[in-house]
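Residue numbers (our numbering), protein chains in the order written: chain A, 10 to 246; chain B, 76 to 454.
A couple of the hints might just be wrong.
[Unchecked claim] DSS-like mimics (lysine-lysine), calculated; alpha carbons at most 25 Å apart, straight line: (1) B:Lys440 with B:Lys307; (2) B:Lys103 with A:Lys20; (3) B:Lys97 with B:Lys250; (4) B:Lys307 with A:Lys20; (5) A:Lys20 with B:Lys440; (6) B:Lys268 with A:Lys16; (7) B:Lys440 with A:Lys26.
[Stated by the list, open to error] Here chain A is said to cover these stretches of chain B; the calculated rule only asks that three of the stretch's residues, wherever they fall, bring their Cβ under 8 Å from a Cβ of chain A: (8) 97–107; (9) 389–402.
[Unchecked claim] Each pair of labels, with its calculated beta carbon distance range: (10) A:Phe29 with B:Gly410: 27 to 37 Å; (11) B:Asp377 with A:Lys16: 36 to 46 Å; (12) A:Ala138 with B:Leu272: 50 to 60 Å; (13) A:Pro103 with B:Gly410: 41 to 51 Å.
Honestly, the hints are just simulated from the structure, not real lab data. Positions of the beta carbon are idealized from the N, C-alpha and C atoms, including for glycine.
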Amino acid sequence: MISDVRKLVAKVAERFKGRFYGRTFRCPVCHLELAMVDADGNGLMVCPLCGVVLDVEEVYGHAVPVVLEVELYRPQPKMRIHPLATHVPIGLFPFAVLGVGLLLVASVLAPLLPGLAPLLAKAPVVASATLVMLVLSVGLSVVTLGSGLWDWNHRYRRRPYRQIRLKIVFSVLFLVLGAVAIALHASGAVFAASTGLVDLASPLAVILAAAELVTLIAGMVVISTLGHVGGSLVFGR
Amino acid sequence: MMDFSLSHDQQEQVEKARAFTKEWIAPKAAEYDRTGEFPLDICREAFKQGLMNPHVPAEYGGTPHTVLDHCLVLEELATGCSGIATAIDANGLSQYPVILAGTDDQKRRFLGPMTESLKFSAYAVTEPEAGSDVSRVKTTAARVGNDYVLNGIKWWITNGSVADWYFVLTRADEKPTAFIVPADSPGIIRGPKEINLGQHASNTVRVTFEDVKVSADNRLGEEGDGFQIAMKTFDHTRPGVASGANGITKAALNIALSYAKRRRTFDKKLISNQGISFKLAEMVTRLDAAKYLTYKAAWLFDRGDDNAREAAEAKWFAADVAMQAAIECAQVLGGYGFTTEMPAEKLIRDAKIYQIYEGATEIQKMIIVGKLMRIKEVH
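Here chain A stands alone, though its shape is the one from the complex:
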């Protein structure tokens, strides 16, 4: 069962990657997967991870990269903000999703299990904490995006890399999804300020709760992808 889900996820990810990256090959030195379209008109590109200068040519459909040179000098600022900043949104967002998940489960269980009432009295605190984590996560992702763009300008010399393009697009998407989730959560229309739970008798509250959950799950997919792609740019395969 789990392996089937994994296979399905891998297939979807592979299809998405195929669409976004096009034809790919692996750097023969650091094994980072690179997009053929990122090579310039002469088939040249610099591997963003290991810095080798590659001349890539397609031979009978096989990608044949040749290492021509190594770019030894790579700008390495003493304080690189992006790798540090990126861990804050990635670290906080899953806890925000967990908070919302717990509140939704509690909302369903509350009428069924009256004995839980003392525990559920703390729901408003969980709702507030979740909001704080959401705001911090999404707010600091602005810093992550900004520092990432700075890195792209300096460390990667603004070279076109599909990975970086994907990171920029997904970062903006994450900001949008995060803003929607914050707006829904902070509005009080999903989780009532007094109880911290969803009023299941209100169809609007249920619909908005579902919308917040979907937004957060989408945000998780986006931020996981960002983390995975970013990690590959640092650690390679």
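Dock chain B against the given chain A, drawing on the hints supplied.
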């Protein structure tokens, strides 16, 4: 008068197969090699583009190609990945015995459906104790009324897991007898995929027959005809196998050439070093020789002439040339030829099987000598 040029139709077929190879096979070759999955999506597309089942006669829904045409196409497909090319082409090996010895009803039942939708078939002859020596097969077919009951183990069966039917060589009353056995017959047990040295995309499995009931209507020819049918098939398919090997040689040559023209060493292009350039000259010459042997064997078959010797020559020579070319390709690429990120090492692993399957190199030489013994002079 000799003419080495391809006809307009053949040129079109080659270009179509080449485009398919570049778009569908080569880009996915490394992935299928890594995972060992069966390339169903590529087979589906190959079927859609009419690149599968080229042997099925027109009266059973096929668009038959000559063996030479088939060799030209297969050479292109194998240049992308010989494992995937094998998955696409393996139907032919089991279809040909039916074409050769099947009744009209058998052809209608088993060949016709293969032209309507994507289906696979497999040639189940080899057994654990009977490889090159096919006459040692031990699978039995016991006559029970109007049926036969099959018992035995078939080994290294290409497309064995995905086949809809099998061509099976058995012993019926000690006489070699061939059957077409639907894969959904009760008592057929398909083993796990074998993890081989190369051609990982090709599906090779053990198939066990435990009291498998087969109607006598599915017997090919008469009892005792099985060995002849199984062997005669190779005259048809060996040029194709040689073409697969030629595909590997072509890939090795092109990769080595591309690399040598761009890689710099000692302040000059790699290809400017005589030690490297001579390797390339030898590779292309051997490829040409292997291709001409292959094409001649196919051409003889298409003319209706006996091509057993030429088919054996082509299969042996092309296999050895492919093995050598793959090793030389890795040598030209240096350390990069040894890494799994570059295509050279896969070519070495893939090439080896051509010296073994469908009659090992030594068997091909036995066939050649067998033919020589029957003639006074070679002209």
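- Non-conforming hints, listed in increasing numerical order: Hint check: 3, 4, 5, 7, 9 fail, others pass.
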